[in-house]
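Undergrad: In the working numbering, the protein residues as written are 6 to 314.
Among the clues, some could well be false.
Calculated cross-link-like contacts (lysine to aspartate or glutamate; reagent style EDC-like; alpha-carbon spacing at most 20 Å) [said to hold, decoys possible]:
1. Lys127 x Glu225
2. Lys75 x Asp153
3. Lys167 x Glu225
4. Lys167 x Asp135
5. Lys100 x Glu11
6. Lys167 x Glu145
7. Lys167 x Asp179
8. Lys167 x Asp126
9. Lys100 x Asp153
10. Lys167 x Glu124
11. Lys100 x Asp129
12. Lys77 x Glu138
13. Lys100 x Asp126
14. Lys127 x Glu55
15. Lys100 x Glu138
16. Lys77 x Glu225
17. Lys100 x Glu55
18. Lys75 x Asp255
19. Lys100 x Glu114
20. Lys167 x Glu114
21. Lys127 x Glu138
What the hints contain is simulated information worked out from the structure, not anything from laboratory work.
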Amino acid sequence: MSAALESLLHRAEGLLARLEAVLPHAPTPPDWAASTAFRARRRQGVLCLEPVRAVSRIALSDLQEVGPQKEKLLRNTAQFVAGRPANNVLLTGAKGTGKSSLIKAVLNEFSAQGLRLIEIDKADLVDLPDVVEQIADRPERFVVFCDDLSFDEGEASYKALKSVLDGSVAAASDNVLIYATSNRRHLLPEKMADNLGGSRGEHGEIHPGEAVEEKISLSERFGLWISFYPFSQAEYLTIVAQWLRHFGLDDAAIAAARQPSLVWALERGSRSGRVAYQFARDLAGRGAVGQPLPGLAIGDNAPEGLDHV
6 MSAALESLLH RAEGLLARLE AVLPHAPTPP DWAASTAFRA RRRQGVLCLE
56 PVRAVSRIAL SDLQEVGPQK EKLLRNTAQF VAGRPANNVL LTGAKGTGKS
106 SLIKAVLNEF SAQGLRLIEI DKADLVDLPD VVEQIADRPE RFVVFCDDLS
156 FDEGEASYKA LKSVLDGSVA AASDNVLIYA TSNRRHLLPE KMADNLGGSR
206 GEHGEIHPGE AVEEKISLSE RFGLWISFYP FSQAEYLTIV AQWLRHFGLD
256 DAAIAAARQP SLVWALERGS RSGRVAYQFA RDLAGRGAVG QPLPGLAIGD
306 NAPEGLDHV
C-alpha cells in the first residue's frame, strides 16, 4: 500500500472518529434502582432519562384544603398502580394552590408499590413517543409529569402530546400515564377572533367553530380534569398553620403568626399555598414571631390598610 493511500485512510479514520463523537447515539437506559423519579434531559442531541438524586419528600398530609382534588388523584393513581384502567390527568386552576405538589406527594405515597415519575419539559415533548417506547417493557408504572403546561399556536410539541394521549396508530402502553399541570384549562390561548364569522375581514375564519374545536381538543384528551381554586382567608390561615407545625412551631407561635401571615399575603397579592409555605419558611428561619417582616411595618407604622387585614 502506498504512503499516500495510507495517509488518506488515516485521515478518513480520524474524520469518522470525530463524526461519531458528535452524531446522536441511542439513549442509555438509566439505573432504574437509583431513584423513584427521573428527568428527561437532552445530552448531545439525545433525550436521556436521568435519576433525581434528591426527590421531594412532600407528603399528602402536608397539603391542606385540597381534599376533593386529593381524593380524585389518589383514586386514579391507585387504579393505575393496581393495573386497572385509569386516566391521564390535567390539573388546572389558580397558581400556587398545590397542583404540582399533589403529584409529588402521590409519587411518595405509591413509590413502594412500583410507581415512578418522569419529569419532561414542554420543549422535549416532541420526543415523548421515544420516551414512552423506552419504558414500555419495564415492570414499573410510570407517570410522565409535565409541569406548568401551555402552548403557543403551531408548536410541534403540542401535536406530539396529542398523538401520545390519544390519536397515534400505535396503542398506548398500559404502564404509562401523563399528569400535567397548567393555569390554562385548554392549554392554548383562546382569542375573541376565534368566535368571529367568516365575513369579518378578508382573513376571517370560514368555519370558526372548527378553530375553537382545535383549541380544546388537546385538553379533552385528558380523561380526568381536576380543578383548583383560590383559597379564602380561613383556608390560607389553615395552610399557614400546617406549614408552621411542619417546621416545628407550637400552637402559641402559630396563633401569634396570624396577623404577620396575612400581611405577608397582602404584600404579594395572593393567598396561595405557595405564599403560605414561603411565609412559614421565613418565620421558621428567623426563629421568632413578632419581628417585623422585611420591608413591612406592622401596626401604627404600617401603610394604610395593612393593620386591618
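Undergrad: All hints, please: hold or fail.
TA: Here is how each hint holds up against the structure:
Taking the CA atoms of Lys127 and Glu225, the gap is near 18 Å; set against the 20 Å cutoff, the hint holds. For the proposed pair Lys75 and Asp153, the alpha carbon gap of about 18 Å is at most 20 Å, so the pair holds. Of the pairs offered as hints, the one joining Lys167 and Glu225 holds, with about 10 Å between alpha carbons and a cut-off of 20 Å not exceeded. Annotation: proposed proximity of Lys167 to Asp135 holds, straight-line Cα distance about 14 Å (limit 20 Å).
Between Lys100 and Glu11, the direct Cα distance comes to roughly 66 Å. Violation of the 20 Å bound is thereby established for this hinted pair. Between Lys167 and Glu145, the direct Cα distance comes to roughly 24 Å. Violation of the 20 Å bound is thereby established for this hinted pair. Between Lys167 and Asp179 the alpha-carbon distance is near 17 Å, which keeps this suggested pair within the 20 Å criterion. About 15 Å separates the Cα atoms of Lys167 and Asp126, which keeps this hinted pair within 20 Å; it holds.
Pair hint Lys100 plus Asp153 holds up; C-alpha atoms about 10 Å apart against a cutoff of 20 Å. For the suggested pair Lys167 and Glu124, the alpha carbons sit about 17 Å apart, so the restraint of at most 20 Å is met. Between the alpha carbons of Lys100 and Asp129 the distance comes to roughly 23 Å, so the proposed pair goes past 20 Å and is violated. Straight-line distance between C-alpha atoms of Lys77 and Glu138 comes to about 28 Å, which puts the hinted pair past the 20 Å bound.
For the suggested pair Lys100 and Asp126, the alpha carbons sit about 18 Å apart, so the restraint of at most 20 Å is met. Taking the CA atoms of Lys127 and Glu55, the gap is near 17 Å; set against the 20 Å cutoff, the hint holds. The hinted pair formed by Lys100 and Glu138 fails the criterion: a straight-line CA distance of about 33 Å is larger than 20 Å. Distance restraint check for Lys77 and Glu225: the Cα-Cα separation of roughly 17 Å lies within the 20 Å cut-off, and the hinted pair is therefore satisfied.
This hinted pair does not check out: Lys100 and Glu55 have alpha carbons roughly 28 Å apart, beyond 20 Å. Restraint check for Lys75 and Asp255: not satisfied, since their Cα atoms lie roughly 27 Å apart, outside the 20 Å limit. For a cut-off of 20 Å, the pair hint linking Lys100 to Glu114 is broken: about 23 Å separates their Cα positions. At most 20 Å may separate the alpha-carbon atoms for a hinted pair to count; Lys167 and Glu114 exceed this at roughly 29 Å.
Simply put, Lys127 and Glu138 have alpha-carbon atoms about 18 Å apart, close enough for the 20 Å limit, and the pair holds.
In this structure, the earlier hints numbered 5, 6, 11, 12, 15, 17, 18, 19 and 20 are contradicted, and the remaining ones agree with it.
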